[in-house]
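Chemist: Make the full structure from the sequences, and use the hints.
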Amino acid sequence: SIGMEVCLAPEILARLVVDDEFMNAVTTTKKLPNEVLISIVEKLSLRDAVQMGVLSRRWRSLPNELPRLAFDLNDFLLDDIENYYEDEGSDEELPESDTFAEA
Amino acid sequence: MEVDKGKGEAEETRKVAEADRDTVTLKSSDGKLFEVSKEAAARLSTVLAGMIAGGSIDDNGTDLKQIGSEALENVVDYCNKHANSIPSAALISSSISFNTAPFKEPEEWERKFVDRLSHDALFDLVEAANFLGMERLLDVTCHKISEMMKGKSPDQIREVFNIKNDYTKEELEEIRQELAWAFYDD
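As given, the protein sequences belong to chains A and B, one line each in that order. Start counting the first sequence at 1; every next residue gets the next number (the numbering used here). Start counting the second sequence at 1; every next residue gets the next number (the numbering used here).
No lab work stands behind these hints, which were simulated from the structure alone. The reader is advised that the hints may include incorrect statements.
[Stated by the list, open to error] Derived contacts from chain A toward chain B, CB cut-off under 10 Å, selection only: (1) 30; (2) 33; (3) 36; (4) 38; (5) 41; (6) 42; (7) 43; (8) 44; (9) 48; (10) 49; (11) 50; (12) 53; (13) 55; (14) 56; (15) 58.
For each residue, glycine too, the CB sits at the ideal point set by N, CA and C.
Modeler: Shown next, in the form of structure tokens:
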């Protein structure tokens, strides 16, 4: 009979095993370039975008590269906003959320 | 949309109408051929526009070695659907005040188009759109991903998008404090 011995490097062997981590690695955000991740972050509110900083170092550095930021004024003027407008004696409506400003 | 051409027939096509063809044939990494309108390809992809203008389109199938057949099929499908859709007035006038470089919300058909994709297919399409310089498709797919991130805890997001937490415990605590204003609950 013909004996056959197959030698595989450990990392290849590891890939042959159906390994969740490897399967995920195929479609991870890891291989996406920064400009793609920025395009994702850009579509979040500023608050959500900043929150993503806890994910990893890479995600934390992304908001620095945003070409524009989405400010939701309600993030900054939580409870006092109605009083603020009363004090000003203004008829103005609350500003619309997610308006954009140049970074 | 898959095109299966015999060699002779492809040769014939080449002779007859090299410059006049109104479609381009794209070849995926796994060798499948897809045909797409030249006009739509040039309008939606800066890379394909450059290749068409530069004459580097191969009528037997322009090799796109970085893009698998499933992603390329979605790219071509998107181009065709886009060519058929009439831009809605709402889409054009949706920009809010101060909005200098507006991202226009996906139209209904674009939403449906990305919603039916599996997680893997969505990420492959993001990559393909980025590679081909398809700004709108990249925006629409990234918008979908951003929606998938909303309302999830950091741990859930790390799991879904396979992001490795590379902070130490101490660093993470520091960052959480620093970013406390951005968190609703903690």
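Chemist: Output the numbers, in ascending order, of every earlier hint that fails for this structure.
Modeler: none
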